[in-house]
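Number of protein chains: 2
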Amino acid sequence: MTIHPDQERSPESIVLDCAQRARAAQLPLAALSDIQKAEALHAAAASLRRSCGPILQANSCDIDAATSAGLSAAMIDRLRLDSDRLEGIAKAVDAVADLPDPVGQIIDQSTPPNGLQLSRVRVPIGVLGIIYESRPNVTADAAALCVRAGNAVLLRGGSEAVHSNTAIHAAFVEGLVASGVPADAVQLIPTQDRAAVGAMLAAAGLIDMIIPRGGKGLVERVQADARVPVLAHLDGICHTYLHSAADTAMAGDIAFNAKMRRTGICGAMETLLIDAQFSASAAVLGRLLDAGCEVRGDARAQALDSRIVPAGDADWGTEYLEPIVSVRIVDGLGEALAHIAEHSSHHTDVIVTSDDAAAEQFLNTVDSAIVMVNASSQFADGGEFGLGAEIGIATGRLHARGPVALEGLTTYKWCVRGSGQVRP
Amino acid sequence: MTIHPDQERSPESIVLDCAQRARAAQLPLAALSDIQKAEALHAAAASLRRSCGPILQANSCDIDAATSAGLSAAMIDRLRLDSDRLEGIAKAVDAVADLPDPVGQIIDQSTPPNGLQLSRVRVPIGVLGIIYESRPNVTADAAALCVRAGNAVLLRGGSEAVHSNTAIHAAFVEGLVASGVPADAVQLIPTQDRAAVGAMLAAAGLIDMIIPRGGKGLVERVQADARVPVLAHLDGICHTYLHSAADTAMAGDIAFNAKMRRTGICGAMETLLIDAQFSASAAVLGRLLDAGCEVRGDARAQALDSRIVPAGDADWGTEYLEPIVSVRIVDGLGEALAHIAEHSSHHTDVIVTSDDAAAEQFLNTVDSAIVMVNASSQFADGGEFGLGAEIGIATGRLHARGPVALEGLTTYKWCVRGSGQVRP
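Respectively, the protein sequence lines represent chains A and B.
Take the working numbering: the final residue in the first sequence is number 424, and no numbers are missing along the way.
Take the working numbering: the final residue in the second sequence is number 1424, and no numbers are missing along the way.
Be aware that one or more of the hints could be misleading.
[What the hints assert, rightly or not] Restraint-style ranges between C-beta atoms, simulated for each label pair:
1. B:P1054 to A:A299: 49 to 57 Å
2. A:G388 to B:T1248: 44 to 52 Å
3. B:Q1109 to A:G420: 36 to 44 Å
4. B:P1190 to A:A276: 41 to 49 Å
5. B:K1216 to A:G332: 48 to 56 Å
6. B:A1338 to A:A178: 24 to 32 Å
7. B:Q1109 to A:I106: 15 to 23 Å
8. A:I107 to B:A1282: 39 to 47 Å
9. B:G1332 to A:A74: 57 to 65 Å
10. B:S1033 to A:P323: 41 to 49 Å
11. A:G317 to B:D1356: 57 to 65 Å
Rather than coming from a laboratory, the hints here were simulated on the basis of the structure.
No experiment lies behind these values; they were computed from the predicted model shown.
All C-beta atoms, glycine included, are put in the ideal place defined by N, C-alpha and C.
Excised from the complex, chain A in its bound form:
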């Protein structure tokens, strides 16, 4: 009987070993030029295309297992790859390769009276850990973003996608290695033991930042247990406030789009606040109801349409991710701001108004990662923000907030150029 060596080692020691090798690989990766990193990612994309056969074959193993295990049709669809989807994955890697390299960018420069020439220069963060579920495209997407910014990465995918992830990872790394990137810069944790996740979360000093990509259960667990900094958002309880001075047509379009364009994304509106002085409330709500949206309102909202059901206290703190919206009628901007301060998950909140002073007060007061005037909250997205990609949206208060792409995967160092200064 052959025992695979990893079966003799604890998940903790496997993760420790991976992280140490990633740290060692990150130094040569960080030393690569912009062009070298871009070429390596194009090579990884080409290798994914060349490996279409084995990747789809591995994926069919995962699909068979998922079917036998009775996973939902939606989960199986998220898991499934075909040649079109794989081409999409390769294209996304090419797109990341073509983004500008944030490493080496000078954030600011100064020369204090001591004559030292100071500059703050973007550098990679170091070793990142990505913990994700079902969608195998994350293996390539996240790895590409990490490598573009000079970071080594430890990938930990869901067990239901283990064959797909292994095949995608193998192809991706084959491309990187051919371009001079150390293989250890992008590693898939080689055990499905759940204790490996705990070991990653505990690896302060070895892993510099954890990014969970998946459902609320995963994010909640990661945020609760991690000793390593986490970049994530737990809830997207996004508000849209229709101010008394809102253009009625614009208000209706924005409210409808914010809720109904896609109800399952984190930037979807969950609560609609309507000013008591706003003149077209019934029309805005009627349009949502006509489209099949369930509307849960306070007493004053219910009076506007007989189809509106009562909202309970829990509704103001619920991320539905479905065609359901909670609606409250508020008396003025102050009451809207107070509601948002109490219930927002600090993701994206919107005011619709033609009153510039109200807009500025809303922008200044609302304490969320993204605050919008006269636009749909569904724009909360790295691509729409011109970042070219997105590793996720963060609602934490440090490092990076809102959509996070390459810049959020960097930190900075101070470079100091002197001419022999000693300190008096």
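Fit chain B to the supplied structure of chain A, relying on the hints for placement.
For chain B alone, kept in the frame of chain A given last:
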């Protein structure tokens, strides 16, 4: 018998209550203008000056207790206030008031093809926790920096300074409140129970960032136990590398200043790496030895001067904070970089060289918060970096690195100005 209400409550519930009141107070604080916050801090400084009598009286209680308890003369000196030192504290608060307000600064702006006008705007972090030892000036210094950047703050000083801290805090807040800042924006944790520190470290979501100010034991405990992000550095194992192409006079001056100007600060050099091709090694080391510095060297360094004692393995990882330096002779830049990669605490590392290519390679490769060319590591200081002040130096990899002043006490939000955009 009167029981003080806090004696009936657990340290955890006291900290929880303080943090919730701080969170509530932070919103009105954040809404104050630049001028209002500056005026409030000048009022706090004036109040400190007016309260000179009670503050010095409170301080004498602490000094008496410290003397009875047999504290060292150095600790008692750190604890002691007089009218000059108190004037220094008030002046420092005035100086922070006069620094530019980082809140509201626009980091960058863009307009992607969807026409949304995006800007990233600096905002306060929220509620900060400062945990510090003995020096009562931190009560005013740290509170001033936090308030200047719109943050509420929970202060937890050492028990040996409890009377001084209480008096300084009372005077400081009296000035703030007279200027419209809520009293709860600056709180001193009202219990000396050590469990209160644990409660602060565990208060993820209530406290947004912890800053420890004190000795290595304190920082180590905070970094090990905190669930809240920590801004700090543990060690300052700073290297100076004298390259083969270093100007000999400059190299001698920088090495001497980096070690001997003040040996007890985190930016002091602890290890001197000398290139085997550098021509003035014996002179550089002789100057340190003549000044009473203990030099611990490898075999090649010992051959240069009979006064040099052997360095053990532990010396390369020791922050002496005393007139002691470890010295290693290295063969070229690569060996110096490898030594620094292995032993640096990522605080400040220096190369002395006239070779621009070597300087740039050092700047690019060394992975520390501050990397210097041709200057003394003792310049690692917020004041010397033109930041006007310093809450501390950070060696963590996220949020802020190196000297941290007001900007490091802010985060940002995305402000989005639309004209009715809905997402296709």
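Against the structure, the hints:
For B:P1054 paired with A:A299, a C-beta distance near 55 Å keeps the hint of 49 to 57 Å intact. The hinted window of 44 to 52 Å between A:G388 and B:T1248 holds, with their beta carbons roughly 50 Å apart. With their beta carbons about 40 Å apart, B:Q1109 and A:G420 fall inside the hinted range of 36 to 44 Å. Distance hint for B:P1190 and A:A276: a CB-CB separation of about 43 Å, consistent with the stated range 41 to 49 Å.
Checking the proposed 48 to 56 Å range against B:K1216 and A:G332 shows it holds: the Cβ atoms sit about 53 Å from each other. A hinted range of 24 to 32 Å for the beta carbons of B:A1338 and A:A178 is consistent with their spacing of about 27 Å. Between B:Q1109 and A:I106 the beta carbon distance is about 18 Å. The supplied range of 15 to 23 Å therefore holds. The beta-carbon spacing between A:I107 and B:A1282, approximately 42 Å, falls within the hinted interval of 39 to 47 Å.
For the pair B:G1332 and A:A74, the supplied restraint of 57 to 65 Å holds, since their beta-carbon distance comes to about 59 Å. Roughly 43 Å separates the CB atoms of B:S1033 and A:P323, a value that falls within the hinted 41 to 49 Å. For the pair A:G317 and B:D1356, the supplied restraint of 57 to 65 Å holds, since their beta-carbon distance comes to about 59 Å.
In the structure shown, no violation is registered for any of the earlier numbered hints.
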